[in-house]
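The whole structure should be built from the sequences, with the hints applied where relevant.
Protein sequence lines correspond, in order, to chains A, B, C, D and E. Throughout the first sequence, residue numbering follows my numbering, covering 172 to 495 in sequence. Throughout the second sequence, residue numbering follows my numbering, covering 153 to 404 in sequence. Throughout the third sequence, residue numbering follows my numbering, covering 149 to 387 in sequence. Throughout the fourth sequence, residue numbering follows my numbering, covering 507 to 880 in sequence. Throughout the fifth sequence, residue numbering follows my numbering, covering 6 to 360 in sequence.
Hints in this document: simulated from the structure, not taken from any laboratory. It cannot be assumed that every hint is accurate.
As the list claims (entries may be wrong) - The list that follows gives simulated cross-link-like pairs (lysine-lysine, PhoX-like), each with its CA atoms no further than 25 angstroms apart:
1. LYS360/B x LYS494/A
2. LYS645/D x LYS672/D
3. LYS509/D x LYS160/E
4. LYS244/C x LYS370/A
5. LYS879/D x LYS42/E
6. LYS665/D x LYS868/D
7. LYS370/A x LYS285/C
8. LYS494/A x LYS244/C
9. LYS509/D x LYS851/D
10. LYS42/E x LYS160/E
11. LYS42/E x LYS579/D
12. LYS360/B x LYS270/C
None of these values were measured; they are calculated from a predicted model.
These are the residues of each chain, in order.
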Amino acid sequence: MSFDWKPLALVPVLALLALPLVGSPSTWLTLTVAGLAMGMIVFIIASGLTLVFGLMDVLNFGHGLFIALGAFVASSVLGLMADWTGSQELWRNLVAVFPAMLVAMAVAAAVGLAFERFIVRPVYGQHLKQILITMGGMIIGEEFIKMVWGPAQLPLPLPEALRGSLFIGEAAISRYRLLAVAVGLVVFVALAWLLSRTKIGLLIRAGVQDREMVESLGYRIGRLFVGVFVAGSALAGLGGVMWGLFQQNLVPQMGAQVNVLIFIVIIIGGLGSTLGALIGALLVGLMVNYVGFVLPVATQFASIALMVAVLMWRPQGVYPVVKV
Amino acid sequence: MLETRDLTVRFGGHVAVNAVSCRFAPGTLTAIVGPNGAGKTTYFNLISGQLKATAGTVALNGRDLSGLAPSARTRAGLGRAFQLTNLFPHLTVLENVRLAVQATQEGPHRRGLNLWSIWSDHRDLTARADAILIEVALKAREHDTVASLPHGDQRKLEVALLMALEPQVFMFDEPTAGMNAAEAPVILDLIRKLKRDRSKTILLVEHKMDVVRELADRIIVLVNGQLVADGEPAEVIASPIVQEAYLGVAKA
Amino acid sequence: MNLLELKGVHTHIGAYHILHGVDLVVPQGQVTMLLGRNGAGKSTTLRTVMGLWHASQGRVVLAGQDITAAATPQIAALGVAYVPENMGIFADLTVKENMLLAARAARRADQMDAGRLQWIFKMFPAVEKFWNHPAGKLSGGQKQMLAVARAIVEPRRLLIVDEPSKGLAPAIIDNMIDAFAELKAQGVTILLVEQNLHFARRLGDSVAVMDNGRVVHAGAMAAFSADAALQQSLLGLAL
Amino acid sequence: QSKDIRIAHVYGKTGALEAYGKQTQTGFMMGLSYATGGTMAVNGKKLVVIEKDDQGKPDLGKSLLATAYADDKADLAVGTTGSGVALAMLPVAEEYKKVLIVEPAVADSITGDKWNKYIFRTGRNSSQDAISNAVALDKEGTTIVTLAQDWAFGRDGVKAFKDAVKKAKIGHEEYLPPTTTDFTAGIQRIVDQLKDKPGRKVVWVVWAGATTPFNALADADLQKRFGIEVSTGGNILPAMTAYKRFPGMEGATYYYFGLPKNPVNEAMVAAHYKEFKTPPDFFTAGGFSAAMAVVTALKKTGGETATNKLIAAMEGMSFETPKGTMTFRKEDHQAMQSMYHFRIKQDPAFAWGVPELVREIKPEEMQVPIRNKR
Amino acid sequence: MSRILSHDLPRSRWLAVILVALLLGLAFAPFLFPGVKALNVAAKVLVFVVLVASFDLLLGYTGIVSFAHTMFFGIGAYGVAIASSRMGAGWDALAVGVGAALALSFVLSLAIGLFSLRVRAIFFAMITLAVASAFQTLASQLSSFTGGEDGLTFKMPELISPSFEFAEEPFLGASLDGRLLCYYGLFVLAVGLVLALLRIVNSPFGRVLQAIRENEFRAEAIGYRVVVYRTTAAVLSALFATLAGAMLAIWLRYNGPDTSLSFEIMVDILLIVVIGGMGTVYGAAIGATLFVVAQSYLQDLLRLAGEAVAGVPWLAAVFTPDRWLLWLGLLFVLSVYHFPTGIVGRLRARALARR
Ligand SMILES: Nc1ncnc2c1ncn2[C@@H]1O[C@H](COP(=O)(O)OP(=O)(O)OP(=O)(O)O)[C@@H](O)[C@H]1O
Ligand SMILES: Nc1ncnc2c1ncn2[C@@H]1O[C@H](COP(=O)(O)OP(=O)(O)OP(=O)(O)O)[C@@H](O)[C@H]1O
Ligand SMILES: [Mg+2]
Ligand SMILES: [Mg+2]
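Structure representation (structure tokens):
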């Protein structure tokens with residue numbers, strides 16, 4: 172089967188269509204670069220959901236919780252390493268950010284483990300109950316965050332060297348977004364490799380369709396589900412770090428705030444497809460920036476309109492791996 | 153009189169049913185045989201409207217049904233039972249049949265677009281459903297949910313729903329598959345009954361040749377979506393195509 | 149000696165008591181036929197063996213090992229292949245992917261035992277023809293072929309199939325009989341639930357007949373198929 | 507029972523505004539004990555505070571206030587955090603003919619067209635915020651672009667600001683969705699508006715909520731690239747960490763614990779440090795002021811709680827607060843109060859940008875329009 | 006009697022008892038539980054019973070998962086709110102508001118119902134989620150019309166306003182004023198609507214909906230035009246939700262985005278359906294009552310509990326009114342654990358086991 176290029180082409184096409192609307196090329200460049208980078212950040216926070224929702228078919232409304240968790244953990248870790256983040260040298264900053272990411276992912280993974288066991292396991296295959304029980308998990312988690320870190324908003328200043336922007340003529344691109352792009356690419360490659368080179372993806376999809384049969388074939392599907400869910404949570408934790416540093420300001424509700432957005436991304440991309448999620452994220456990122464410039468009022472509706480449009484074109488999303 | 157003209161469907165490159173033209177007269181039972189994947193079920197799907205034909209038409213008594221949705225075709229008199237059991241798993245056996253009975257009523261109001269009468273008040277429909285359950289020997293389980301039935305009984309219910317529709321054209325897709333040799337006769341008797349009442353057109357897909365031999369007035373053979381043979385049971389079965397392509401006798 | 153033994157197995161499904169003390173032996177290296185009317189409990193028995201239902205009383209023993217309480221994956225890992233009544237095809241996966249999952253040893257399609265695949269293709273042409281198609285699109289019989297193909301893609305010591313001949317054209321049934329005979333020759337033990345008595349007779353060494361949750365007759369196939377009266381009384385008809 | 511004076515405090519104890527609400531409550535209690543010299547009583551009548559959590563939901567706030575007046579027999583009420591909730595509560599006060607002191611909701615319409623005679627407000631309103639900022643920025647040859655959230659709070663603020671600006675000229679009003687997270691586009695629009703303008707160029711920001719545009723503005727380096735300054739009002743301390751990146755930024759704020767110089771403020775700051783080891787914040791001051799207003803009024807009526815007496819006492823009443831003397835003006839019961847023109851200084855000792863006093867803007871200097879019709 | 010209930014009897018003694026108690030409780034609420042708060046809670050219960058029952062028609066009976074239900078709830082509320090604040094208090098305003106709202110809901114639900122056939126279930130759920138949030142944003146954007154974030158406060162006709170008192174002296178602790186009349190107005194309306202819904206789900210139509218939920222493909226195959234049935238169901242449930250919204254606005258005399266459009270409410274509805282038992286109108290009634298009451302008194306409960314465990318470091322942090330959401334979350338989780346078939350399902354199962 173030959174590769175389907177159309178959706179991939181969508182990204183440049185959208186960018187080019189925007190050019191005349193935006194007018195000034197330098198502005199357009201700024202918006203485009205920023206949009207793509209934004210897309211990458213969105214992709215990172217959504218990547219975990221491609222596994223949990225896309226492959227495992229779990230409508231995890233609690234996913235945002237792990238994002239928030241990651242961000243808050245990061246704030247604590249970075250708080251401890253103040254002198255490293257305070258330094259002007261990039262490498263020292265990165266040295267500080269890296270462990271923050273690791274710890275955040277670890278914590279998210281650990282919580283994910285419990286979450287799977289007590290919240291998700293009883294409701295595999297029952298969307299409605301998934302929505303409710305994960306909602307419950309989300310609320311509980313948020314409250315715990317409030318208990319640990321307090322209900323007030325929490326500043327998470329960027330490490331010194333990651334602040335500010337690089338300038339290409341009149342166009343500007345903030346340093347941090349470049350970092351985000353790098354991280355995003357790493358996540359993308361890792362995921363894509365895992366799903367194409369191993370049976371894991373297949374097993375999960377099969378398990379969703381007919382759990383008993385997969386077990387009859389001799390696979391411990393239960394453990395696999397746990398593993399993938401935990402991985403998804405860890406990715407969300409990582410996403411939380413990136414998102415938190417992008418916002419530079421944390422509130423316990425931050426997870427819930429991105430929930431709709433990331434679901435939109437997954438749906439645009441098509442269930443279970445990493446590439447799809449990436450494209451979905453990039454499209455959303457660009458769309459928001461362009462509309463934000465051309466017609467700010469409409470920004471809130473931009474991504475939703477985009478989703479509906481895409482579904483009209485491809486009712487399954489652009490690269491559906493799992494057909495629904 | 154059911155008629156298909158040049159009925160064709162393509163799935164990508166693969167032509168599952170290839171320009172099949174055929175007439176099925178009332179009062180005759182036509183058996184459709186052919187290797188697995190020959191296109192028998194797909195042919196049914198095209199007639200009953202589950203699949204949209206790439207080309208060709210389906211007509212009943214001269215009325216072209218091609219454009220219609222499955223539900224409309226059913227109301228027009230095409231009835232069909234499925235090869236892979238396909239029921240309302242969490243409703244009771246009785247409710248399943250009763251729904252089918254109701255679907256045959258005249259006018260949307262009687263059929264179900266009726267918000268204000270009470271389901272259990274429609275005694276006549278329930279009675280009819282009961283009668284059918286007795287015919288297929290499922291009365292004993294009428295209050296069990298379908299999900300809890302053994303496979304064989306689910307096959308019976310599949311047929312019961314078709315009976316309930318009282319169509320003019322009956323399409324059976326391997327009605328006795330997975331049915332115990334001792335239970336199968338129940339279904340076969342039903343089919344014989346239908347035959348005796350000369351007004352019904354019956355299409356039967358069946359792999360068990362003994363059954364075909366006994367019931368069919370006529371056999372048509374599909375291979376790779378093409379109609380390759382059509383005629384008297386004896387001669388068709390004797391024909392070389394059937395012998396190797398289907399029965400695989402040549403090989404043995 | 150017996151590869152599989154059920155001793156007084158009772159199985160409940162929710163509130164319903166389905167099996168009332170099933171005693172069944174499956175001799176090593178033989179083909180055992182499990183017959184019985186609809187609703188007799190055949191499928192439930194097989195599911196109990198596979199650990200998909202769990203016996204509330206009695207024991208299930210596989211090769212001397214008690215698997216009554218074992219989890220399905222463990223049982224499968226002991227070398228049991230199972231084809232359920234509903235075939236358990238993964239409709240959204242391609243035929244290839246279905247086969248790949250069944251081949252536990254292989255991590256990628258090209259690692260599957262080519263020779264064995266050829267053997268399967270010869271017997272079930274459809275599997276090869278639709279190798280890259282979604283399995284859900286297959287015809288009823290083709291699905292059945294795929295289901296059996298999956299069960300034999302790798303060598304197993306015990307093969308359990310619920311109604312293998314269902315929906316298959318006579319030619320294919322013959323292929324399948326040959327295949328099972330070949331497997332048996334390789335020393336595979338086979339347990340079949342079968343409605344097609346012709347099939348049963350061609351293949352079966354021993355036979356067990358079930359009726360509402362019990363095994364009411366067990367013995368050699370030869371003796372059984374000779375005794376029309378017995379068949380009449382157990383199955384309600386003679387072969 | 508009759509000896510107690512029952513005061514209901516409705517506020518967003520949980521929900522999005524939890525942090526703000528808690529500050530108000532702390533300040534309110536501190537204020538009461540300060541004003542009563544720790545006795546928590548006026549003329550021997552005990553002050554009983556009934557807390558109600560409106561969770562930031564207008565409908566809930568409404569029924570809670572009714573409950574407070576009717577079931578809990580509250581003599582007067584104070585609250586609440588969210589403007590929407592406060593607005594929904596106004597008619598209830600009228601229904602039960604009981605006083606409601608609004609704190610800290612800012613919407614102009616509370617003491618404007620939605621006002622009724624039972625409503626007083628110790629908190630500042632959008633106009634006061636805006637006007638004070640205007641006073642701080644309003645110079646000849648300055649071009650100002652406003653950046654605000656696209657909802658009542660933002661548009662109110664900008665409108666008042668525009669009305670107050672006399673000398674400088676407003677180049678453009680930029681409104682972004684309240685939940686904006688990526689400010690690139692918005693900033694681009696502002697730059698395109700301002701970059702070629704002559705003279706001093708300022709972006710004036712009114713923004714409430716967690717994700718503020720300040721970091722984005724700082725990243726864009728407007729000062730260096732286009733000579734565009736950023737200016738804004740005050741905010742809670744966590745939000746002011748972003749100010750650190752704007753040394754020298756000017757604006758006017760409602761409160762910062764270092765700004766006002768008066769005994770009441772000193773007392774509050776001391777008390778707060780004593781209890782929480784942290785300085786009091788924006789809304790603490792508000793709560794404190796409300797308490798001062800309540801007690802002063804009760805003292806005037808000699809502990810009488812009859813509504814008409816209270817109203818009579820409070821109209822035109824002056825009272826001491828951490829922000830100096832406030833006065834409920836007769837017309838719309840809005841408390842006239844000082845605001846503070848500040849300049850931001852970086853100080854490693856503080857996590858936030860420290861506002862230094864440029865000068866105190868006295869109530870007399872601000873022509874706060876009267877918008878209610880009585 | 007049985008006919009009034011459309012032959013859909015409780016089929017469990019306990020269930021019957023609970024339902025009767027519920028009905029009486031609500032009927033005499035103003036006198037049984039005097040006080041403003043209690044009355045507010047009772048009224049909210051009435052509104053939610055209707056709202057949830059209407060949603061169950063969609064979810065429990067037709068198997069359509071839609072997050073846009075609050076949208077119609079909101080439309081109803083805004084209809085009344087906008088009309089009454091533009092035209093001023095009056096029955097005419099009420100009529101216009103409700104009428105317009107019903108009309109709008111009809112059109113929108115028709116569109117959504119048809120759209121639901123284009124995309125598959127989960128996607129549809131997600132889309133409705135997005136659409137609903139968009140609608141909420143829209144409502145707060147059109148501030149000149151809807152009062153934006155702040156919402157609208159308005160008056161009701163004299164007869165049902167608190168100011169209208171038809172007796173000086175309170176009777177059994179309940180002051181005899183417009184509020185009381187308003188409450189009983191809502192009560193009658195609610196009972197009527199619920200019985201109507203009960204009738205609908207037990208009609209042949211209702212059964213076909215179940216069939217579609219079970220196996221859409223086969224329903225079509227035996228002759229039911231699925232499009233028609235699904236869309237009709239979607240429209241009906243939307244209209245009932247709109248009426249519930251109108252009831253809410255009439256009672257609160259206020260409406261804003263958070264009050265009638267927030268996603269929170271949507272989730273509450275879902276939870277109630279599950280607690281009560283999907284596919285049973287009775288479940289909606291019981292669930293709504295339990296939930297609304299729990300939600301309204303949870304904080305008071307926690308206050309008591311908090312005083313009990315005061316001092317104990319961790320417990321104190323958990324048992325405070327501030328953390329009431331924590332307990333709500335727990336309620337979500339536990340109810341899914343313990344009521345897989347809902348309270349009604351439970352009770353009926355027990356009744357069956359007895360036989
Ligand atoms: N929706 C579809 N998409 C693609 N291919 C299809 C589809 N439906 C059927 N086919 C193909 O068309 C061919 C005919 O299928 P059909 O089910 O009609 O066979 P059949 O004659 O009924 O076989 P059987 O006797 O096994 O039931 C098969 O090869 C099948 O793979
Ligand atoms: N999920 C279930 N819930 C309740 N009862 C069930 C369930 N599955 C099977 N049964 C009952 O168990 C009995 C045996 O079923 P089983 O499927 O084992 O019969 P079988 O011998 O396989 O029949 P068939 O030959 O028709 O497949 C039947 O009476 C059936 O009603
Ligand atoms: Mg077929
Ligand atoms: Mg079986």
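Check whether the Cα positions of LYS370/A and LYS285/C lie no farther apart than 25 angstroms.
Holds - the C-alpha atoms of LYS285/C and LYS370/A are around 22 angstroms apart, at most 25 angstroms.
Restraint check for LYS509/D with LYS160/E, where alpha carbons must lie at most 25 angstroms apart
Roughly 36 angstroms separates the two Cα atoms, so the pair is violated.
Within 25 angstroms, alpha carbon to alpha carbon, are LYS509/D and LYS851/D?
Violated. LYS509/D to LYS851/D sits at ~51 angstroms, over the 25 angstroms cutoff.
Would you mind confirming whether the straight-line C-alpha gap from LYS42/E to LYS160/E stays at or under 25 angstroms?
This hinted pair holds, its Cα atoms lying about 20 angstroms apart.
For a C-alpha distance cap of 25 angstroms, please report whether LYS42/E and LYS579/D respect it.
holds, 13 angstroms
Are LYS665/D and LYS868/D close enough, with their CA atoms no more than 25 angstroms apart?
Holds, at about 21 angstroms.
Regarding the pair LYS360/B and LYS270/C, is the alpha-carbon distance no greater than 25 angstroms?
Roughly 23 angstroms between the alpha carbons, so the hint for LYS360/B and LYS270/C holds.
Verify the proposed pairing of LYS360/B with LYS494/A, using a straight-line Cα cut of 25 angstroms.
violated, 35 angstroms
Take a quick look at whether LYS244/C and LYS370/A sit within 25 angstroms of each other, Cα to Cα.
holds, 12 angstroms
Holds or violated: are the alpha carbons of LYS645/D and LYS672/D at most 25 angstroms from each other?
holds, 8 angstroms
Holds or violated: are the alpha carbons of LYS879/D and LYS42/E at most 25 angstroms from each other?
Distance ~32 angstroms between LYS879/D and LYS42/E Cα, so the pair is violated.
With the threshold set at 25 angstroms, check whether the alpha-carbon distance from LYS494/A to LYS244/C stays at or below it.
holds, 17 angstroms
Comparing the model with each numbered hint stated earlier shows that hints 1, 3, 5 and 9 do not hold.
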